[in-house]
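Please model the entire structure based on the sequences and the hints provided.
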Amino acid sequence: MNNMNLIPLYPEIFLLLAICAILLIDMFLADSKRHITYVLSLATLAICGVLTITNFNGGTSVYLANNMFVADPMADLLKVFSYIAVGITLVYSRQYVTDREMTNNHLGGEFYSLALFALLGQMVMISGNNFLVIYLGLELMSLALYALVALRRDHTVSTEAAMKYFVLGALASGFLLYGISMLYGATGSLDLTEVARVAASPVVNKTILVFGVVFLVAGLAFKLGVVPFHMWVPDVYQGSPTAVTLLLGGAPKLAAFAICFRLLVEGLFSLAIEWQQMLTILAVLSIAIGNITAIAQTNLKRMLAYSTISQMGFMLLGLLSGVSNGDTSHAAAAYGASMFYIISYVATTLGTFGMILLLARSGFEAENLDDIKGLSKRSPWFAFLMLLMMFSLAGIPPFVGFWAKLSVLQAVLATGQVWLAVVAVLLSLIGAFYYIRVVKLMYFDEPTDNAPIQPHGDMRVVLSINGLAVLVLGLMPGTLITACSQAIIKTLAS
Amino acid sequence: MMQSTSILLSLAIWCPIAFGVFILVFGRDDNPGLVRWVSLIGSIASFIVTLPLLQHFDNSAHGMQFVEKSGWIERFNIFYSLGIDGISLWLILLTAFITVIVVISAWEVIEKQVAQYMGAFLILSGLMIGVFCALDGLLFYVFFEATLIPMYIIIGVWGGPNRVYAAFKFFLYTLLGSLLTLVAIIYLYLKSNSFDILEWHKLALPMPAQIMIFLAFLMAFAVKVPMWPVHTWLPDAHVEAPTGGSVVLAAIMLKLGAYGFLRFSLPIAPDASHYLANFIITLSLIAVIYVGLVALVQTDMKKLVAYSSIAHMGFVTLGFFVFNDMAMQGGIVQMISHGFISGAMFLCIGVLYDRVHSRQIVDYGGVVNTMPKFAALFLLFSMANCGLPATSGFVGEFMVILGAVKFNFWIGMLAATALIFGAAYSLWMAKRVIFGAIANKHVAELVDLNKREFFMLGVLAIAVLAMGLYPAPFTDAMQVTVSDLLKHVAVSKIMP
Numbered sequence: 026m027n028n029m030n031l032i033p034l035y036p037e038i039f040l041l042l043a044i045c046a047i048l049l050i051d052m053f054l055a056d057s058k059r060h061i062t063y064v065l066s067l068a069t070l071a072i073c074g075v076l077t078i079t080n081f082n083g084g085t086s087v088y089l090a091n092n093m094f095v096a097d098p099m100a101d102l103l104k105v106f107s108y109i110a111v112g113i114t115l116v117y118s119r120q121y122v123t124d125r126e127m128t129n130n131h132l133g134g135e136f137y138s139l140a141l142f143a144l145l146g147q148m149v150m151i152s153g154n155n156f157l158v159i160y161l162g163l164e165l166m167s168l169a170l171y172a173l174v175a176l177r178r179d180h181t182v183s184t185e186a187a188m189k190y191f192v193l194g195a196l197a198s199g200f201l202l203y204g205i206s207m208l209y210g211a212t213g214s215l216d217l218t219e220v221a222r223v224a225a226s227p228v229v230n231k232t233i234l235v236f237g238v239v240f241l242v243a244g245l246a247f248k249l250g251v252v253p254f255h256m257w258v259p260d261v262y263q264g265s266p267t268a269v270t271l272l273l274g275g276a277p278k279l280a281a282f283a284i285c286f287r288l289l290v291e292g293l294f295s296l297a298i299e300w301q302q303m304l305t306i307l308a309v310l311s312i313a314i315g316n317i318t319a320i321a322q323t324n325l326k327r328m329l330a331y332s333t334i335s336q337m338g339f340m341l342l343g344l345l346s347g348v349s350n351g352d353t354s355h356a357a358a359a360y361g362a363s364m365f366y367i368i369s370y371v372a373t374t375l376g377t378f379g380m381i382l383l384l385a386r387s388g389f390e391a392e393n394l395d396d397i398k399g400l401s402k403r404s405p406w407f408a409f410l411m412l413l414m415m416f417s418l419a420g421i422p423p424f425v426g427f428w429a430k431l432s433v434l435q436a437v438l439a440t441g442q443v444w445l446a447v448v449a450v451l452l453s454l455i456g457a458f459y460y461i462r463v464v465k466l467m468y469f470d471e472p473t474d475n476a477p478i479q480p481h482g483d484m485r486v487v488l489s490i491n492g493l494a495v496l497v498l499g500l501m502p503g504t505l506i507t508a509c510s511q512a513i514i515k516t517l518a519s
Numbered sequence: 068m069m070q071s072t073s074i075l076l077s078l079a080i081w082c083p084i085a086f087g088v089f090i091l092v093f094g095r096d097d098n099p100g101l102v103r104w105v106s107l108i109g110s111i112a113s114f115i116v117t118l119p120l121l122q123h124f125d126n127s128a129h130g131m132q133f134v135e136k137s138g139w140i141e142r143f144n145i146f147y148s149l150g151i152d153g154i155s156l157w158l159i160l161l162t163a164f165i166t167v168i169v170v171i172s173a174w175e176v177i178e179k180q181v182a183q184y185m186g187a188f189l190i191l192s193g194l195m196i197g198v199f200c201a202l203d204g205l206l207f208y209v210f211f212e213a214t215l216i217p218m219y220i221i222i223g224v225w226g227g228p229n230r231v232y233a234a235f236k237f238f239l240y241t242l243l244g245s246l247l248t249l250v251a252i253i254y255l256y257l258k259s260n261s262f263d264i265l266e267w268h269k270l271a272l273p274m275p276a277q278i279m280i281f282l283a284f285l286m287a288f289a290v291k292v293p294m295w296p297v298h299t300w301l302p303d304a305h306v307e308a309p310t311g312g313s314v315v316l317a318a319i320m321l322k323l324g325a326y327g328f329l330r331f332s333l334p335i336a337p338d339a340s341h342y343l344a345n346f347i348i349t350l351s352l353i354a355v356i357y358v359g360l361v362a363l364v365q366t367d368m369k370k371l372v373a374y375s376s377i378a379h380m381g382f383v384t385l386g387f388f389v390f391n392d393m394a395m396q397g398g399i400v401q402m403i404s405h406g407f408i409s410g411a412m413f414l415c416i417g418v419l420y421d422r423v424h425s426r427q428i429v430d431y432g433g434v435v436n437t438m439p440k441f442a443a444l445f446l447l448f449s450m451a452n453c454g455l456p457a458t459s460g461f462v463g464e465f466m467v468i469l470g471a472v473k474f475n476f477w478i479g480m481l482a483a484t485a486l487i488f489g490a491a492y493s494l495w496m497a498k499r500v501i502f503g504a505i506a507n508k509h510v511a512e513l514v515d516l517n518k519r520e521f522f523m524l525g526v527l528a529i530a531v532l533a534m535g536l537y538p539a540p541f542t543d544a545m546q547v548t549v550s551d552l553l554k555h556v557a558v559s560k561i562m563p
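Chains A and B, in that order, give the protein sequences. Be aware that the first sequence starts at 26, since it is given in the working numbering, and climbs by one per residue. Be aware that the second sequence starts at 68, since it is given in the working numbering, and climbs by one per residue.
Derived from the structure by calculation, the hints contain no laboratory data. These figures come from a predicted structure and were not determined experimentally. Think of the CB as a built atom: it goes at the ideal place given N, C-alpha and C, for glycine as much as any other residue. Be aware that a few hints might be false.
Distance condition first, Cα-Cα at most 30 Å in a straight line; then the derived DSBU-like pairs of lysine-lysine [stated by the list, open to error]:
1) K515/A with K258/B
2) K236/B with K398/A
3) K179/B with K402/A
Chain A is faced by these chain B residues, among others (derived, beta-carbon under 8 Å) [as the list claims (entries may be wrong)]:
4) E141
5) V209
6) I220
7) V231
8) F235
9) F238
10) L246
11) L249
12) D551
13) L553
Interface residues of chain B toward chain A, partial, derived using beta-carbon atoms under 7 Å [to be verified]:
14) I140
15) R142
16) I177
17) E212
18) A213
19) G223
20) L242
21) V250
22) Y254
This is how it looks when you write it as structure tokens:
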């Protein structure tokens with residue numbers, strides 16, 4: 026389809042132009058005026074949001090640029106949530122990065138520009154319909170994130186984390202590329218629609234296809250951070266400046282889900298049995314190792330990193346429940362459940378890292394578990410918000426995390442794999458321990474650190490909305506659940 | 068026959084929750100008096116809201132009453148569906164009533180973070196009422212699980228020295244059972260494409276599926292009731308919780324599990340219930356006899372009453388699984404009476420603890436000399452605990468024993484030994500604590516009950532005696548429901 030109608034591409038085009046403009050303007054701003062960059066970044070996100078929303082095609086997919094770009098309902102929904110996630114991240118991070126001089130002198134406002142470049146990479150990943158386009162988006166996002174992790178270059182922990190992330194990330198991208206090249210060799214095309222058609226036909230060389238899929242899944246598993254490709258997650262989450270941890274752990278997960286969906290479901294659906302088996306192993310190991318290792322952690326960021334590993338494992342449970350014994354009627358429900366899970370996970374994670382940013386001050390990183398002791402006495406409102414988020418992550422009703430787990434469990438049980446559901450449920454019980462341990466520290470213990478908590482107005486408001494959203498979405502999850510499942514259904518239909 | 072849509076049940080649930088949230092948001096620690104009065108007004112208002120349920124309840128109607136149903140989550144066919152019958156009616160009233168008592172019991176005792184304490188109890192009250200009226204499986208589950216959160220906070224913040232261990236044990240143990248129930252609930256949804264409990268009652272299921280579902284539900288309800296051998300969380304939770312927390316745990320939260328048996332296990336898996344009845348009866352008898360003996364050797368008063376709670380709940384589960392009218396009604400009556408009695412016992416122990424700061428029996432002796440009014444009430448409740456006729460404890464136990472004897476003489480015999488053990492531990496504790504000469508200077512300095520304490524214990528005493536002398540209102544309400552349930556359970560659901 027040679028459709029030169031560029032309207033669906035406007036968000037990406039605008040974002041690129043805006044980033045360049047922000048970079049230029051920022052060059053002429055003094056350090057004291059850095060908040061202008063901040064405001065411009067937020068404004069950019071708002072305009073991108075408007076462009077995406079006004080472009081909702083009423084549920085049909087539009088293919089552009091030689092079939093390399095697709096704007097379908099799932100992409101639109103994920104993009105809107107990505108804007109919100111990055112916007113919230115910037116709001117939470119502003120005070121933190123200013124205190125730590127990450128936006129001073131020679132660095133200027135690069136934090137904001139790099140964050141927006143990462144977002145641009147994510148948008149390309151979400152909307153890519155071609156192996157190379159997806160890879161380009163992935164690399165754009167990853168390179169921006171590598172630079173962000175290393176931004177505090179005088180801080181040894183951060184530079185170590187950046188090195189680890191870069192080397193392992195490059196290795197994983199290599200795996201992904203190798204897999205892609207195999208698939209190209211087997212199917213003769215980089216276009217996902219074409220690949221899907223050829224892979225389903227009987228003439229294709231199945232061995233090479235499966236070989237390619239293995240490498241592809243390995244690369245994707247690294248980006249998601251699931252076992253056994255998870256070793257980078259705790260170190261990078263702990264070592265990065267917390268603002269960057271939030272950038273890593275929030276919106277990129279939405280993009281990672283999107284590329285899993287595009288590559289595995291849209292491109293390689295005919296190989297579903299193969300990659301579903303791989304994902305089962307990855308999922309069970311992740312939930313197990315993530316939950317069990319998190320118990321031993323004393324660093325809050327590291328604990329949340331292991332919790333991320335187990336949550337990603339749970340999300341994979343939805344992706345692997347699409348096809349069972351040749352029956353694909355539950356596929357849309359399963360993928361919709363995964364999408365809902367990842368969105369609710371990102372919403373809650375933003376809040377938890379936001380709390381860490383709230384407690385951090387210049388010269389003090391509030392990243393140990395002991396630092397949140399007695400938070401209920403220091404600040405009852407924020408302790409309550411953290412309580413909401415912890416119980417949501419543990420999957421206790423009536424918070425949104427429970428509905429996410431319910432959707433995924435329902436998808437798993439619909440395939441008849443009762444053992445898998447029971448295992449997942451028992452392991453998440455183990456996981457509940459470290460979440461309620463956080464609540465214990467906040468409510469049952471006396472504070473060890475008595476400094477007053479003074480968030481800025483915008484952070485206070487956004488963090489409150491974030492926390493309450495977890496509760497409100499838990500009481501009324503219907504809209505979001507329906508939106509996700511409708512997006513997937515319409516995407517798969519066209 | 069169902070009444071048209073009314074809002075009474077929603078009001079009963081959300082009124083205490085709304086008051087609780089209001090107190091949490093606006094309560095200030097520098098004005099605890101105001102917080103206490105607002106909480107009292109809130110709890111009384113929530114109780115008054117449940118009274119019309121009693122007034123308009125039709126004893127002769129079959130099916131659910133005060134039904135409300137509105138859409139909630141379309142995607143999964145989950146409805147906000149409420150309704151009560153003879154089983155749940157009195158449990159809801161009990162919950163609202165105990166909440167008032169608990170608010171009164173905390174009056175001068177809780178001094179720090181009063182607003183959060185009262186808020187937590189009010190929200191907990193609303194959630195528990197929600198459990199008793201939910202007619203949608205997932206709505207039930209949401210309320211059931213959500214009760215864990217306020218109770219975890221209550222035990223952990225205002226509890227005793229080992230409160231952290233007790234709070235974690237309570238939370239994780241109960242969560243384990245519930246998570247397995249979640250799998251069963253989702254399985255039932257996939258089979259029937261609905262979460263409606265009444266639909267599930269009618270759903271035909273093969274025997275292996277029924278057994279798996281029964282066992283999954285058993286996990287959650289056995290931990291909650293609690294049944295032997297998954298009862299070990301209860302002594303820790305009861306002992307470490309503050310007085311109000313122990314009262315709510317014993318009086319109401321244990322009943323959530325027993326209610327679950329009646330609403331889920333029996334009607335959804337009747338064949339499995341018959342098949343596994345002997346197993347459950349054995350566990351119940353072990354609870355009654357063995358745990359009764361364990362209660363006998365306790366040195367901590369609260370632990371003694373905790374173990375006695377387990378023994379009494381053993382009676383309740385025994386009554387449910389011998390499958391006759393008398394025993395099942397006896398079990399439900401026992402649930403309500405135990406709510407009053409164990410609540411009162413924990414309050415009495417709390418009264419002593421507030422003065423002496425010890426729960427050990429050895430630290431007391433001859434309390435009657437310095438606290439005669441208290442001694443009288445304490446003795447009344449101890450007698451009720453062992454099942455003295457004219458107190459509510461007798462009614463339930465007698466009906467269960469009668470029903471058990473009808474089922475099997477020896478099971479009835481063994482159940483009747485509960486009366487002996489109950490008398491042994493209750494009266495021996497009363498003798499050591501209340502009677503005799505004054506044991507030490509702490510007892511000599513004791514001050515008798517003040518007006519507030521006398522009021523709350525007095526009200527409970529009246530309830531215990533009234534129910535013991537005239538239990539007809541309770542049994543009349545549940546007659547039709549219980550006979551319908553037993554008729555339903557008697558019919559096999561397996562397709563031929």
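Hint by hint, here is what the structure shows:
For the suggested pair K515/A and K258/B, the alpha carbons sit about 26 Å apart, so the restraint of at most 30 Å is met. Under the criterion of a C-alpha separation no larger than 30 Å, the hint pairing K236/B with K398/A is consistent with the structure, at around 20 Å. Simply put, K179/B and K402/A have alpha-carbon atoms about 11 Å apart, close enough for the 30 Å limit, and the pair holds. Given hint, E141/B at the interface with chain A, holds; its Cβ is 6 Å from that chain's nearest Cβ, closer than 8 Å.
Taken as an interface hint, V209/B checks out: its beta carbon lies about 4 Å from the nearest beta carbon of chain A, inside 8 Å. For I220/B, the suggested interface contact is upheld, since its CB lies about 6 Å from the closest CB of chain A, less than 8 Å. Because the smallest distance between the Cβ of V231/B and any Cβ of chain A comes to about 6 Å, under 8 Å, the interface hint for this residue holds. A cut of 8 Å between beta carbons decides the hint on F235/B: the least distance to chain A is about 7 Å, and the hint holds.
At its closest, the beta carbon of F238/B sits 6 Å from a beta carbon of chain A; the interface hint therefore holds under the 8 Å criterion. With a least beta-carbon distance of about 4 Å to chain A, the hint placing L246/B at the interface is held under the 8 Å criterion. Given the 8 Å rule on beta carbons, the hint for L249/B holds: about 7 Å separates it from the nearest Cβ of chain A. Restraint check, D551/B versus chain A: the minimum CB separation of about 30 Å is more than 8 Å; hint violated.
At a threshold of 8 Å, the smallest CB-CB gap from L553/B to chain A is about 31 Å, leaving the interface hint violated. Below 7 Å, beta-carbon pairs count as interface contacts, and I140/B has one with chain A at about 4 Å; its hint therefore holds. With its C-beta approaching chain A no nearer than about 5 Å, R142/B sits inside the 7 Å limit, and its interface hint holds. Interface restraint check: I177/B against chain A, minimum CB-CB distance 15 Å, threshold 7 Å, status violated.
Hint status for E212/B relative to chain A: holds, with the closest Cβ pair at about 5 Å, below 7 Å. Taken as an interface hint, A213/B checks out: its beta carbon lies about 5 Å from the nearest beta carbon of chain A, inside 7 Å. With a least beta-carbon distance of about 4 Å to chain A, the hint placing G223/B at the interface is held under the 7 Å criterion. Proximity of L242/B to chain A holds as hinted, the smallest CB-CB distance being about 6 Å (cut-off 7 Å).
Interface hint at V250/B: satisfied, since its Cβ lies 5 Å from the closest Cβ of chain A, which is below the 7 Å cut-off. The restraint placing Y254/B at the interface with chain A holds, with a minimum CB-CB distance near 6 Å, inside the 7 Å limit.
The structure is inconsistent with the numbered hints 12, 13 and 16, although it conforms to all the rest.
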